[in-house]
Amino acid sequence: MTTEAIIEQIRRGLEAVAPARAAEFSKVKKLEDLDSLGLDSITTLELVDRLEKRLGIAFSDDFLMEMTSARDLVAAIQDQVAS
Amino acid sequence: MTANEPPAAGAQPRFRPLLYDLVRGAIRFLFLTLSHPRVICPERCPPQGPAILAINHLSYFDGPMVLAMLPRRVRPMAADRLRRHFFFGPVMNATGAVFIRRGQLDRAAMRALLAVLAGGGCVAVAIEGTRSPDGKLQEGKNGVAYLAAKSGAPLIPAAVWGTEQIWPAWRRFRRAEVHLSLGSPIRLASQSLDVSTLDGATRGIMSSIAALLPSRYLPEARYSPGDDKMTDCSSHEPS
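Keeping their order, the protein sequence lines are chains A and B. Using my numbering, read the first sequence as starting at 6 and increasing by one per residue. Using my numbering, read the second sequence as starting at 62 and increasing by one per residue.
Calculated from the structure, these hints are not laboratory results. A couple of the hints might just be wrong.
Said to hold, decoys possible - Result set (DMTMM-like, lysine to aspartate or glutamate): computed pairs, CA atoms no more than 25 Å apart in a straight line: (1) A:K34 with A:E20; (2) B:K197 with A:D45; (3) A:K58 with A:E9; (4) A:K35 with B:D255; (5) B:K202 with A:D54; (6) A:K32 with A:D54; (7) B:K202 with A:E9; (8) B:K211 with A:E71; (9) A:K32 with A:D67; (10) B:K211 with A:D67; (11) A:K32 with A:D77; (12) B:K202 with A:E29; (13) A:K32 with B:D260; (14) A:K58 with B:D167; (15) B:K202 with A:D40; (16) A:K35 with A:D45; (17) B:K211 with A:D45.
Unchecked claim - Some chain B residues close to chain A (C-beta under 10 Å, calculated; not the full set): (18) L83; (19) D260; (20) R264.
Treat the numbers as computed from the prediction; the structure is a model and nothing was measured. The C-beta atom is built at its ideal place from N, Cα and C for all residues, glycine as well.
The shape of chain A in the complex, shown without the other chains:
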């Protein structure tokens, strides 16, 4: 799965979690754009739940605790989809 495809999945997930910010999310094209969104922990938690269901993957709680950037999330999704 390419980085662009994963960003698209994340963008769709965000639009479902926070539809009021859909216009802002539609401008997300790069990893850096995701980091600059300033998502709170509850929004991120719900996004992660939705990504897990949509992509059929599962993140460990330890990984989520240590995750610091969108780059970590995208790398983890690529890792899981590939395995």
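Given the coordinates of chain A, work out where chain B should sit on it, guided by the hints.
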């Protein structure tokens, strides 16, 4: 560490009802001896079944006050750093607190809280996320509304005040007047987890807490005090 390692075993303390009751009794004795507690509308907390107490947070004593004064077992949510506090750490561990790491995506803690609710328990969560730095009610975080939407459990807004005066009063060999006031239970109209819905629910809960607090604890710009009339319930000094 990789993303697809199995989830770590929960590092939350095990809940031991007998130990809880013993510690609760000791804390209650201390509160009754060293302060003047007053509980307003305790019957608004359902005696059984899942419930979420959404409380404001002024002092480290807020959690113990809720545990000691409510007529049912309550599992507090506490900041992970309190685990190692010389006094509150053992108290929180003994009462089966759910520790959460602030500023991190602590899904395990959220899952532990949901498990307590699924088992018919009651959890107490500081809706502002941390102690108020100036004694005024802060903005609420969406975690409480998220828990309520996920679990379907009723929310009980709860206001605590006077606890910030406990330590200063002790230093003057006096007993502080401390209050715990419960608002009417709230059931969320929607279990939707989108942010706008959670924001709206959080604002509603904060307004309910503001209505229970004396005006000196309210930032004038955000809340107006005193519209939750308490004529339909009791107010008493525990003995």
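Restraint status (C-alpha distance of K202 of chain B to D54 of chain A at most 25 Å) | Judged against 25 Å, a Cα distance of about 19 Å means the pair holds.
Does the structure keep K197 of chain B and D45 of chain A at a Cα separation of 25 Å or less?
-> 23 Å, holds
If you draw a straight line from the CA of K32 of chain A to the CA of D260 of chain B, is it 25 Å or shorter?
-> It holds: about 23 Å lies between the C-alpha atoms, which stays within 25 Å.
Satisfaction of hint between E20 of chain A and K34 of chain A, Cα-Cα up to 25 Å | Holds, at roughly 14 Å.
Given pair status - E71 of chain A, K211 of chain B, alpha carbons within 25 Å = Distance of about 24 Å is within 25 Å: holds.
Take a quick look at whether K32 of chain A and D67 of chain A sit within 25 Å of each other, Cα to Cα.
-> This hinted pair is violated, its Cα atoms lying about 30 Å apart.
K202 of chain B paired with E29 of chain A [C-alpha distance capped at 25 Å] | Status holds; Cα separation ~22 Å.
Return the status of the interface hint for L83 of chain B: holds when the least beta-carbon distance to chain A is below 10 Å, violated otherwise.
-> 31 Å, violated
Taking 25 Å as the top limit, are the C-alpha atoms of K211 of chain B and D45 of chain A close enough?
-> 17 Å, holds
Is the hinted pair K32 of chain A and D77 of chain A satisfied, with a Cα-Cα distance of at most 25 Å?
-> Satisfied, since the Cα-Cα distance of roughly 20 Å is no more than 25 Å.
Do the numbers back the hint for D260 of chain B, that is, is its least Cβ distance to chain A under 10 Å?
-> 9 Å, holds
Pair hint K35 of chain A and D45 of chain A, alpha-carbon separation not exceeding 25 Å = 19 Å, holds
Figure legend: structure checked against the earlier numbered hints; hints not met, in rising order: 7, 9, 18, 20.
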